[in-house]
Amino acid sequence: MTASEPTQPDHESSEGLPAAGLWRRLAAMLYDGFLVVAIWMVLGYFIQFVFGTETNQVVNGRVETDPIQDTVLFL
Numbered sequence: 001m002t003a004s005e006p007t008q009p010d011h012e013s014s015e016g017l018p019a020a021g022l023w024r025r026l027a028a029m030l031y032d033g034f035l036v037v038a039i040w041m042v043l044g045y046f047i048q049f050v051f052g053t054e055t056n057q058v059v060n061g062r063v064e065t066d067p068i069q070d071t072v073l074f075l
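Its first residue numbered 1, the sequence shown is counted upward by one per residue in our numbering.
If you're looking for bench data, these hints aren't it; they were derived computationally from the structure. Quick caveat: nothing in here was measured; it's all calculated off a predicted structure. It is possible that some hints are incorrect.
Computed beta-carbon distance windows for the label pairs [as the list claims (entries may be wrong)]:
(1) A28 with V58: 36 to 44 angstroms
(2) L17 with I68: 31 to 39 angstroms
(3) W23 with V63: 35 to 43 angstroms
(4) N60 with P18: 33 to 41 angstroms
(5) G33 with R62: 43 to 51 angstroms
(6) L43 with W23: 49 to 57 angstroms
(7) Y31 with E64: 15 to 23 angstroms
(8) D66 with G21: 42 to 50 angstroms
(9) Y31 with V59: 20 to 28 angstroms
(10) L17 with F51: 43 to 51 angstroms
(11) T55 with L22: 39 to 47 angstroms
Ideal placement from N, C-alpha and C gives every residue a C-beta, glycine not left out.
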């Protein structure tokens with residue numbers, strides 16, 4: 001076999017293993033959710049750093065931001 005030939009997965013080695021249970025799958029989803037939230041927080045910090053805090057202002061007790069910044073953070 002050479003490096004250019006595609007390899008087939010070995011299904012024989014995983015046939016005897018049990019499937020992951022519901023709790024393990026839910027825990028994996030929770031872990032993935034933590035990663036998504038962490039990436040979202042870092043992205044929000046970076047966008048706030050790029051736009052600066054001068055674009056924020058308090059109006060009637062609410063923080064109003066630049067509409068472009070709102071759109072970027074929403075996506």
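Hints not upheld, ascending by number: 2, 4, 5, 6, 7 and 9
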